[in-house]
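Visitor: At position 254 of the sequence shown (counting the first as 1) the number is 881 in this note's numbering, and the numbers step up by one without a gap.
If you are wondering where the hints come from, they were derived from the structure by calculation, not from laboratory data. Treat the hints with caution; some may be incorrect.
[Claimed, not checked] Simulated pairs of lysine-lysine, DSS-like, Cα-Cα distance not exceeding 25 angstroms:
| no. | residue 1 | residue 2 |
| --- | --- | --- |
| 1 | Lys817 | Lys801 |
| 2 | Lys801 | Lys812 |
| 3 | Lys817 | Lys907 |
| 4 | Lys706 | Lys907 |
| 5 | Lys907 | Lys863 |
[Unchecked claim] DEER-style ranges, computed between Cβ atoms:
| no. | residue 1 | residue 2 | range |
| --- | --- | --- | --- |
| 6 | Lys706 | Gly756 | 45 to 51 angstroms |
| 7 | Met628 | Asp809 | 45 to 51 angstroms |
| 8 | Ala831 | Gly667 | 28 to 34 angstroms |
| 9 | Gly896 | Ala657 | 32 to 38 angstroms |
| 10 | Glu845 | Gln890 | 30 to 36 angstroms |
| 11 | Gly940 | Pro653 | 23 to 29 angstroms |
| 12 | Gly667 | Gly940 | 39 to 45 angstroms |
Note that CB positions come from ideal geometry on N, CA and C, so glycine has one too.
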Amino acid sequence: MSRAFIFPGQGAQTIGMGRALAEAYPAARAIFDEVDDALGERLSALIWEGAQETLTLTQNAQPALMATSLAALRALEAKGVSLEAASFVAGHSLGEYSALAAAGALSIADTARLLRIRGRAMQEAVPVGQGAMAALLGLDFAAVQDIAAEAAGAEVCQAANDNDPGQVVVSGHKDAVERAVDLAKARGAKRAMLLPVSAPFHCALMQPAADVMRAALEEVPMDAPAVPLVSNVLAKAVSDPDEIRALLVAQVTGSVRWRESVQYMAAQGVTETWEIGAGKALSGMVRRIARDVAVHNVATPEDVAAAAALING
628 MSRAFIFPGQ
638 GAQTIGMGRA
648 LAEAYPAARA
658 IFDEVDDALG
668 ERLSALIWEG
678 AQETLTLTQN
688 AQPALMATSL
698 AALRALEAKG
708 VSLEAASFVA
718 GHSLGEYSAL
728 AAAGALSIAD
738 TARLLRIRGR
748 AMQEAVPVGQ
758 GAMAALLGLD
768 FAAVQDIAAE
778 AAGAEVCQAA
788 NDNDPGQVVV
798 SGHKDAVERA
808 VDLAKARGAK
818 RAMLLPVSAP
828 FHCALMQPAA
838 DVMRAALEEV
848 PMDAPAVPLV
858 SNVLAKAVSD
868 PDEIRALLVA
878 QVTGSVRWRE
888 SVQYMAAQGV
898 TETWEIGAGK
908 ALSGMVRRIA
918 RDVAVHNVAT
928 PEDVAAAAAL
938 ING
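Turn these sequences into a full structure, and let the hints guide you.
Guide: Right, here's the structure in full:
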């Protein structure tokens, strides 16, 4: 039995996430306290009692989702499940940072601060209203790459997230992304719609944010992860800290190769994935990519108890 622990990205955030874990497990509560201390503010109060639109701001959502994932992992550890129960860790976009914190490559405090910097830098890279992202459903990655190239013209439009066989997200200048939506519909997409995001992530317009992250990552110590990380950019496992740093910079402007990452893990013998933290979006993607891989979620105390019973036997 080979398993991967996978960590969600932006969009999974909800008010109240992780609260039951913090109330049930002191080790989970300690994660939220540590993130609050690292950021010098009560992010936990926003997560549990704030406004959804404030939590959804990129600079808040990124550290908040990481905190929730790590709280769930600490709860699992309190029930005797160690990270070494997994053969790989992987995360979707910001989830890659959660995966690295889970695997001990980055400290919790450094990860929180890096994600706050990343969230702000990504938000500030493109003036509001100039960029957009759209989900194109029912077309494969190659078809969407062709559509993006045609839609770009003199602007930027790239295939940003290869999520699963029928869902690819494009990112770039707003007009170019809107052209891609029209082209996709004309070429048989089941659906093509703009996404409610505040910036065009994972495209060349994010280069200013990539430059900020290069500088920020140089200042932070990083160890080799306790289990290998399956990189968004490479869709294969890496463990060297210098390589991981470079890949985290490349990830800001590069495609999230999630479909290929899941296929890689399945090819390496992974038979089950455990989505650690808020939401179930990644589990849905895994089901559509690798039908033989079992999916599980860990977001509540009940999930933790069930996971411990299954993993510990």
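Visitor: Could you grab the alpha-carbon distance between lysine 706 and lysine 907 and see if it respects the 25 angstroms cut-off?
Guide: holds, 22 angstroms
Visitor: Just tell me: holds or violated, for the beta carbon distance of lysine 706 and glycine 756 against 45 to 51 angstroms?
Guide: Since the Cβ atoms of lysine 706 and glycine 756 sit about 47 angstroms apart, the hinted range of 45 to 51 angstroms holds.
Visitor: Could you tell me whether the CB distance from glycine 940 to proline 653 stays inside 23 to 29 angstroms?
Guide: holds, 25 angstroms
Visitor: Quick check on a hinted range of 39 to 45 angstroms for glycine 667 and glycine 940, using CB atoms only.
Guide: Given a distance of about 43 angstroms, which is inside 39 to 45 angstroms, the answer is holds.
Visitor: Within 32 to 38 angstroms: is that where the Cβ-Cβ distance between glycine 896 and alanine 657 falls?
Guide: holds, 34 angstroms
Visitor: Quick one: are methionine 628 and aspartate 809 within 45 to 51 angstroms, going by C-beta?
Guide: Given about 46 angstroms between the Cβ atoms, the range holds.
Visitor: Sort out whether lysine 812 lies within 25 angstroms of lysine 801, counting only the CA atoms.
Guide: holds, 17 angstroms
Visitor: Has the given pair, lysine 907 with lysine 863, been kept, meaning a C-alpha gap of at most 25 angstroms?
Guide: holds, 23 angstroms
Visitor: Please test the hint of 28 to 34 angstroms on the beta carbon pair from alanine 831 and glycine 667.
Guide: Taking Cβ atoms as reference, alanine 831 and glycine 667 lie about 33 angstroms apart, which means the hint holds.
Visitor: Tell me if the straight-line CA distance from lysine 817 to lysine 801 falls inside 25 angstroms.
Guide: Holds. Lysine 817 to lysine 801 sits at ~21 angstroms (cutoff 25 angstroms).
Visitor: CB of glutamate 845 to CB of glutamine 890, is that within 30 to 36 angstroms?
Guide: holds, 32 angstroms
Visitor: Are the Cα atoms of lysine 817 and lysine 907 separated by 25 angstroms or less?
Guide: holds, 22 angstroms
Violated hints are absent here; each numbered hint is respected by the structure.
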